[in-house]
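Respectively, the protein sequence lines represent chains A and B.
Here the working numbering is used: the first residue of the first sequence is 35, the next is one more, and so on.
Here the working numbering is used: the first residue of the second sequence is 92, the next is one more, and so on.
Errors might be hidden in some of the hints.
[As the list claims (entries may be wrong)] Which residues of chain B face chain A? A partial, calculated answer using Cβ under 7 Å:
1) LEU93
2) ALA110
3) TRP193
4) ALA217
5) MET313
[To be verified] Calculated pairs, SDA-like style, for lysine to any residue (alpha carbon to alpha carbon, straight line, at most 25 Å):
6) B:LYS199 / A:LEU53
7) B:LYS204 / A:GLY51
8) B:LYS199 / A:ARG192
9) B:LYS204 / B:ALA219
10) B:LYS181 / B:ILE293
11) B:LYS209 / B:ILE225
12) B:LYS181 / A:PHE281
13) B:LYS181 / A:ARG192
14) B:LYS204 / A:GLY80
15) B:LYS204 / A:LEU60
16) B:LYS204 / B:SER325
17) B:LYS199 / A:THR83
18) B:LYS209 / A:ASP70
19) B:LYS209 / A:GLY80
20) B:LYS199 / B:ALA152
21) B:LYS204 / A:ALA89
22) B:LYS209 / A:LEU101
23) B:LYS209 / A:ILE59
24) B:LYS181 / B:VAL292
25) B:LYS133 / B:GLY341
26) B:LYS181 / A:LEU44
27) B:LYS204 / B:LEU151
28) B:LYS181 / A:ILE284
29) B:LYS199 / A:LEU101
30) B:LYS204 / A:LEU61
31) B:LYS209 / B:THR220
32) B:LYS181 / A:GLY43
33) B:LYS199 / A:ALA107
34) B:LYS199 / A:LEU286
35) B:LYS204 / A:ILE95
36) B:LYS204 / A:LEU286
No lab work stands behind these hints, which were simulated from the structure alone.
All C-beta atoms in this analysis are idealised placements derived from N, C-alpha and C, irrespective of residue type, glycine included.
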Amino acid sequence: MRSDRAPLGLAIAAGAGLLFLHLPILLIFLYAFTTDERTYAFPPPGLTTQWFGVAWNRADIWPPLYLSLRVAAISTALAMVLGTLVAGAMARTRFFGRDQISLLIILPIALPGVITGMSLRSAFAIMDIPFSTWTIVLGHATFCIVIVYNNAVARLRRLSGGIMEASADLGANAFQTFRHVLLPNLGSALLAGGMLAFALSFDEVIVTTFTAGQQSTLPIWMLNELVRPRQRPVTNVVAIVVFAVTFVPILLAYYLTRGGSDTAGGGK
Amino acid sequence: MLAPPLVWLGLVYLGSLAALLVQSFYSIDEFSGLVVPEFTLKTYAELFRAQNLDIILRTLAMAVSVTLGCAVIAFPIAYYAARHARGGWKAAFYLGVMLPLWSSYLVKVYAWKLILAKEGIIGWAAGATGTTPILDAVLGLPWIGGNSLSTSFLGTWIVFVYVWLPYMILPMQAALERVPVSMLEASSDLGATRSQTFRTVILPLALPGVIAGSIFTFSLTMGDYIIPQIVGTSARFIGQTVYQLQGTAGNLPLAAAFAVVPIVIMLVYLALARRAGAFDAL
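Given these sequences and hints, build the entire structure.
What follows is the structure, encoded as structure tokens:
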């Protein structure tokens, strides 16, 4: 007989592993309130909320924040269009070169970021392309496509093919079927994919350092502060902002794609 | 429908990869510091200089040890989530792994800088529990030790393991969930002990999942340059070298040649993983 109760050792090891995954992140929140400006001393000598005000008034934080938001918005929009198109083409049909295409979509996140970054950097050098917001977007959109694709293709596979045939039988053209049948069913999956892509782009630093030139996104600003700190608690405050901007979309994406049995034609 | 995305991926991504290859066959003029756009193997020969070979071997050693560390720590979590967690706990485990996976990479690295620094939480805890001599003894070890945890290989390793751990847990859990319960029952019916069942039934069946997870931990460790820059010694890794060569040093061809190394290693790795059936577990 197999017992369903976990051995105590296993439960402890699993619990310890989960704690290991979460405690470091909680620590950042504590450090944003420390009164100690110079060191990483633990426990903090005192607590204060002044760093939020100081961070708000630091002029050098706002341009990177705007650039990060702009890049993430453009990359997400591009990735949503391109990712949905590939997902639509790949979900049902089998055709020559299909496996190669799925490899091509996954490659930008399967290979280390340094390679995507260095490849783009080489291409800019060979073609004499000057660095701009768009050179950053090129890299980000490329690895965001796979996130949207993954979400969209998972939903499309659950969707019954019958409802599209039914729509055609009832006399709808391709656009009407897309607008009234496909889009409502695909909507939450696309939204989830888009939000994850946004979070990923907002946080990305490795590819960005190769494609940004002199500009700085918020993660690059943070990286500079980590290497050459000026006011450490301000970095903590920015870390919380970055965390919040990425955390909220992730939670929302989780709730949007959870379950999924309410998808029309699901359960087939 | 496929045309726009394929044009994008083909032009931007494959085009850039091609540019990387082309660039790696160029060389740099030693006097002017300018790139000479003529095909040569000179740049690749430079990779085999003792100091560059050191960088490659150090990166590989780190990638292997990080992968092993991730596999060991991930297993109980994945196993518990796959076989014992039900209902609400299952969702809690899933979110518990997904949230750290998706939360900001830089914030996670920064948190560890705070923890591992000399005056940070580990040093404090060691002082409070009277275990400072143990910590000092660990830091005194050759190779992995250093002035403090945040300036040692051990520190770099801990942060790598932490940051990539979810990439190992998820495929492992998926593989473990697919191990049929009937086989475990058969195994115990035939008189196998818990550990025999584990070694001869669970582990072989879960192996493709472990290999699938190792693709990510291995590949990500090989390319990362932020973690060793923030937590670790001054000894360089492949990622840092690529970054410095293309930036301050301005030697794009050598940077490109260095970037080709992880590509080649990953291609070999992926071919081996495919043979082990790890692709079905992805």
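**OP:** Sort out whether ILE284 (chain A) lies within 25 Å of LYS181 (chain B), counting only the CA atoms.
**Re:** Within the cut-off at roughly 18 Å; holds.
Original post:
When the nearest CB of chain A is found for ALA110 (chain B), is that gap smaller than 7 Å?
Top reply: holds (4 Å)
**OP:** Mind checking the alpha carbons of LYS209 (chain B) and ILE225 (chain B) for me, to see if they're no more than 25 Å apart?
**Re:** holds (14 Å)
Subject >> Hint check, LEU93 (chain B) versus chain A [nearest Cβ-Cβ separation less than 7 Å] >> reply: holds (4 Å)
Original post:
Keeping to a limit of 25 Å between CA atoms, is the pair of LYS204 (chain B) and ALA219 (chain B) held or broken?
Top reply: holds (20 Å)
**OP:** Take a quick look at whether LYS209 (chain B) and GLY80 (chain A) sit within 25 Å of each other, Cα to Cα.
**Re:** Between LYS209 (chain B) and GLY80 (chain A) the Cα gap is close to 19 Å, so the pair holds against 25 Å.
Subject >> 25 Å limit on alpha-carbon distance, applied to hinted pair LYS204 (chain B) and LEU61 (chain A) >> reply: holds (11 Å)
Original post:
Taking the closest Cβ pair, is MET313 (chain B) under 7 Å from chain A?
Top reply: Interface hint status for MET313 (chain B): holds (6 Å vs cutoff 7 Å).
Subject >> Agreement of LYS209 (chain B) and LEU101 (chain A) with the hint, judged by alpha carbon distance not exceeding 25 Å >> reply: violated (35 Å)
Subject >> Hint consistency between LYS199 (chain B) and LEU286 (chain A) [alpha-carbon to alpha-carbon, up to 25 Å] >> reply: holds (21 Å)
Original post:
Does LEU151 (chain B) lie within 25 Å of LYS204 (chain B) when you go C-alpha to C-alpha?
Top reply: holds (23 Å)
Subject >> Agreement of LYS199 (chain B) and ARG192 (chain A) with the hint, judged by alpha carbon distance not exceeding 25 Å >> reply: Outside the cut-off at roughly 35 Å; violated.
Going through the hint list in order, the structure does not satisfy hints 4, 8, 22, 36.
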